[in-house]
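K.L.:
What follows is the residue order along each chain.
There are 2 protein chains.
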Amino acid sequence: MPEFFTVLPPAEALAKLLAHLPAAPQPETVATAEALDRVTFEALRAPASLPAFPRSMMDGYAVRAQDTFGASAALPAYLTLAGEVPMGRAPAFEIRPAHAALVHTGGMLPPGADAVVMIEVTQTARPGEIEILKAVAPGENILKTGEDVAEGAEIFPAGHWLRAQDLGGLSALGVTRLRAARRPRVALLATGDEVVPPDVEAGPGQVRDVNSYAVAAQIVRAGGLPVRCGIAPDNFESLKRLAADALADADMLVLSAGSSVSVRDMTAEVVQGLGPPGILAHGVAVKPGKPTILAAANGKPVIGLPGNPVSAMVIADLFVVPTVHHLLGCAHPPQRQFVRARLTHNVPSQAGRVDYVPARLVERDGETWAEPVFGKSNQIFTLVFADGMLVIPSDANGISAGEIVTLRMF
Amino acid sequence: MPEFFTVLPPAEALAKLLAHLPAAPQPETVATAEALDRVTFEALRAPASLPAFPRSMMDGYAVRAQDTFGASAALPAYLTLAGEVPMGRAPAFEIRPAHAALVHTGGMLPPGADAVVMIEVTQTARPGEIEILKAVAPGENILKTGEDVAEGAEIFPAGHWLRAQDLGGLSALGVTRLRAARRPRVALLATGDEVVPPDVEAGPGQVRDVNSYAVAAQIVRAGGLPVRCGIAPDNFESLKRLAADALADADMLVLSAGSSVSVRDMTAEVVQGLGPPGILAHGVAVKPGKPTILAAANGKPVIGLPGNPVSAMVIADLFVVPTVHHLLGCAHPPQRQFVRARLTHNVPSQAGRVDYVPARLVERDGETWAEPVFGKSNQIFTLVFADGMLVIPSDANGISAGEIVTLRMF
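Chains as they are written, first to last, in our numbering: chain A, 1 to 410; chain B, 411 to 820.
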């Protein structure tokens, strides 16, 4: 069996790959209403102050605060009713000394007013006159111009992953389109004479393509655009041509390599020939997933996943997902959920490599337990029947039943 | 100010709403390749065993295990080479006693063979003969028929939220289409004479519609299909007609109510008139978000959100999201991430209600701190500048600086 020429810890291998890639996302204009889970291409600043005018936060009376000073239930302040502020329009009057105007929540404060008295602490003395039973301070019960966000303030840095409230904030500012980082096109090429597409009846000795679908979904989650490029036969020239074509049309290439040694060697040779600098890491200290290839070809990432589906998904999570984030320019992508639980069984592992073990959460005696789903790295259903992955660090020699572990949820 | 006729704890209010809704999702056929984040309509069983034939997990020699018993480096077993298993086809030969066949990882085991000897513990003695240096047990280094999943086994229950590996497992089984729960259509109707669409220049006294965009994105995340129905004026007949039309074309209606008391009362009256049983809860013990309306009209949920964007998003998260999951028939939707951090400032709250306070995570002296983003419930940017929500339970009277809190991440 040929030696892997480097077997790197996963973090080091990833850093080596990313160091060879330009973090230069391309812009693309998208509608704000469709921008959930997109990433900002550039920093965005508020084009205007929000609110654009002082607004009442209460149903009540807009007043000059000083006119209420000293007012109490025993000694109310009496103010003259100047009118009612219409919703959605500027009031046609101003508040002069000893005057007040009826205003609804969200209504615009008339010029001259600097506070709102809640309706609950007022009474109508006689038509056209209001009794104020409690003093207000200037600014009380109002939202000042720019108090939500000031004109010119940076609202997002470049590389910000857009969430629901961010679309709300942009809508409030009238920003209905923005420049997002274009989704990286990630070409997916499966290999193997034994692999057939899922819609084909698999004959004896044949298996259906799993990785082009499972990894595609991981790429979608990461913000990328998967492009399935089919299945290459175990033939050097065909693989070389298909890989080069796939990479030419994409920002990144992910090969799901055949799993036999001879095919893995062929994949490595093809990857090495795609362009400089070529292979940066061949073999990572991860189980499952050791025979991973990380490469760059003329500034584009090329990742060779192991053929076994569990290994392929573990490695895609470790390397493909952060590479897509890197291409998007996104430094703080959404985080996966971690759950702490008590381990039900001993889990062996080997020091010097990071072990990933699928596990499911079970409730037992009111406590949450993590139950390993033991299996082989070509059993995709070990992942289907699991809730997350137990990550055993490289300095550990297994974990004992009863210990508290952290499950990285899917 | 009119009294809320019930002010329920949020969990109780939600249970009351869901109890009035049928959990009867509708089926829709979708391509497996497009089914990420969809929910299964029905339980799915494996249509075939996986793998469909015994496969080698190693590069090596397919053997009858008993022919290797007692073999060691000092005393090898000598086997006759019967041939090489082609990838993707059934071998044209069987393994007779004292015979072996070269097999690659993933190759089909020839009839007669019941184990694989890794190539690393073999030698070629002379052409056509293999030395086995280590015994194997029956079943060693092979994946048996059905070992990944057995024909007929339930692979997902109804209401299962489909993840990347699930699409992989379905692809492996040749299931390229499946019946998913149809995404519930959630009509969103904003109200308020002062509200204008985001693409309109907001004049004095006008504000742009935030909730129809922020809540729409929350609905997308929850697996629903938001349908923006525009902005209703503060006019009973118009609101009644627009709400009835919106609900007629949808599975659920979310009103983003005007925030003045008179408009809230009008909204409640409109909701009550949409159909029986009408309003189930008016007012929940949550801050922000107290003036919430939960109703059912002829089996369809109707939720009246407060008009202030922060309140609207908190209430949508508490009621709209789980209602969408309920309509999808999904009992175990993806969970939000929780992060434990030390609180930077005292946060006041009032016993008897659940308080939601936006907070951001900051690193300080190597520790993670949660810094509250104080603001008013109409400041959408308090959410934009936050990473998650601090949830203060109803039995607490605030939280002191320095305490460890759990932040519910966005």
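Among the clues, some could well be false.
Computed from the model, here is a short list of chain A residues facing chain B with C-beta under 10 angstroms [as the list claims (entries may be wrong)]:
no.: 1; residue: Pro22
no.: 2; residue: Val30
no.: 3; residue: Pro86
no.: 4; residue: Gly205
no.: 5; residue: Lys376
These stretches of chain A come out as covered by chain B in the derived footprint (C-beta under 8 angstroms, 3 or more residues) [to be verified]:
no.: 6; region: 144-150
no.: 7; region: 163-177
Calculated from the structure, these hints are not laboratory results.
Keep in mind that this is a model prediction, so the values were computed, not measured.
For glycine and all other residues, C-beta sits at the position ideal for the given N, C-alpha and C.
K.L.:
Next, verify each hint and record whether it holds.
P.N.:
Taking the hints in turn, this is what the structure says about them:
Taken as an interface hint, Pro22 (chain A) does not check out: its beta carbon lies about 28 angstroms from the nearest beta carbon of chain B, beyond 10 angstroms. Hint on Val30 (chain A) is violated. Least Cβ distance to chain B is approximately 13 angstroms, over the 10 angstroms limit. Checking Pro86 (chain A) against chain B by beta carbon gives a least distance of about 7 angstroms; that is within 10 angstroms, so the hint holds. Proximity of Gly205 (chain A) to chain B holds as hinted, the smallest CB-CB distance being about 4 angstroms (cut-off 10 angstroms).
Interface restraint check for Lys376 (chain A): the shortest CB-CB distance to chain B comes to about 6 angstroms, inside 10 angstroms, so the restraint holds. For the region 144-150 of chain A, the stated coverage by chain B holds: 3 residues have a C-beta nearer than 8 angstroms to a C-beta of that chain, and at least 3 were required. Given a C-beta distance limit of less than 8 angstroms, the hint that chain B covers the region 163-177 of chain A holds, as 14 residues qualify and 3 suffice.
Comparing the model with each numbered hint stated earlier shows that hints 1, 2 do not hold.
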